[in-house]
Amino acid sequence: MRKLIIFALIGFFAQLIDGALGMAFGLTSSSLLLAYGVAPAIASASIHMAEIATTAASGVSHYKFGNVDKKLMLTLVIPGSISAFFGAAFLSSLPGYLMKPFISGFLLLLGIYILFRFLLQKAEERPPSGNIHLKKRFLYPLGAVAGFLDAVGGGGWGPVNTPVLLSQKGATPRKVIGTVDTSEFAVTISATLGFVLFLGWEQFNWLWVGAFVIGGVIAAPIAAWLVRVMPTYILGVLVGGFIILTNTNTILNTLSISQTAISMIYVILIIGWVAAIAQTVRNTTKLKKAS
1 MRKLIIFALI GFFAQLIDGA LGMAFGLTSS SLLLAYGVAP AIASASIHMA
51 EIATTAASGV SHYKFGNVDK KLMLTLVIPG SISAFFGAAF LSSLPGYLMK
101 PFISGFLLLL GIYILFRFLL QKAEERPPSG NIHLKKRFLY PLGAVAGFLD
151 AVGGGGWGPV NTPVLLSQKG ATPRKVIGTV DTSEFAVTIS ATLGFVLFLG
201 WEQFNWLWVG AFVIGGVIAA PIAAWLVRVM PTYILGVLVG GFIILTNTNT
251 ILNTLSISQT AISMIYVILI IGWVAAIAQT VRNTTKLKKA S
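Numbering (UniProt numbering), first residue to last: 1 to 291.
It should be emphasised that the hints constitute simulated quantities derived from the structure, not laboratory data. Small disclaimer: the values here were computed from a predicted structure and weren't measured. Everything hinted at is true.
Below are the DSS-like pairs computed for lysine-lysine, each with C-alpha atoms no more than 30 angstroms apart in a straight line:
hint : residue 1 : residue 2
1    : 70        : 135
2    : 71        : 136
3    : 70        : 136
4    : 71        : 135
With the hints as extra help, turn the sequences into a complete structure.
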């Protein structure tokens, strides 16, 4: 019961962050499951099953708050859904003990990227308001790569799509985050279908899925509202650091490293994380005073 409560709380905060950043539900949740010793395919399958409910709730909430670019969403969904299915098939065919350190390495790199993106990003660098107008020859490969990595890593749709789209002319965080979150519903269904076909229903831990669903569904409308009213820098640094710490633990446990060395690495990482949070708070305070 204690573990289920923890998973529900993780689901709540993961969806709160995901809805406000356009990324991190899958990364946060799958990082936790990998740390508990769950095989990568089972972890990704369980998270995607839970995300059917959380992405549906998040998408409806973002749509009601006017955070969705419908044209962009439909363009991303097609290649993303197809590649997510094949990503699930690819992951399901590989032994879990072989894939676990590689998946944790992939998640670790995404965590580093997220942390430094939001640590170094400045508000004045963001483009003006409006919808994004991009060619399909750019959006199709973007959606395909994001969908495949989402299925393989248990999270990747948001971390790949959101930063790229935010860098485009005419993009606003509210529209990008809402669109990416809403489009993830179709990608999640496709990936989950792949896991069901290649792993089977019996591989899902329904108690874990239910715990993540409860926490995520409760957080979804709150996150859709928060994305309209609060800066996202601090949340980005927080989730990036969490992903780094969790997956570093998984990787270090696969290596022949002494406990003393592991403790020293963790002390350094935690000090760096706290410093990054403090710097982000200072930057946000300065921006508020300047405005």
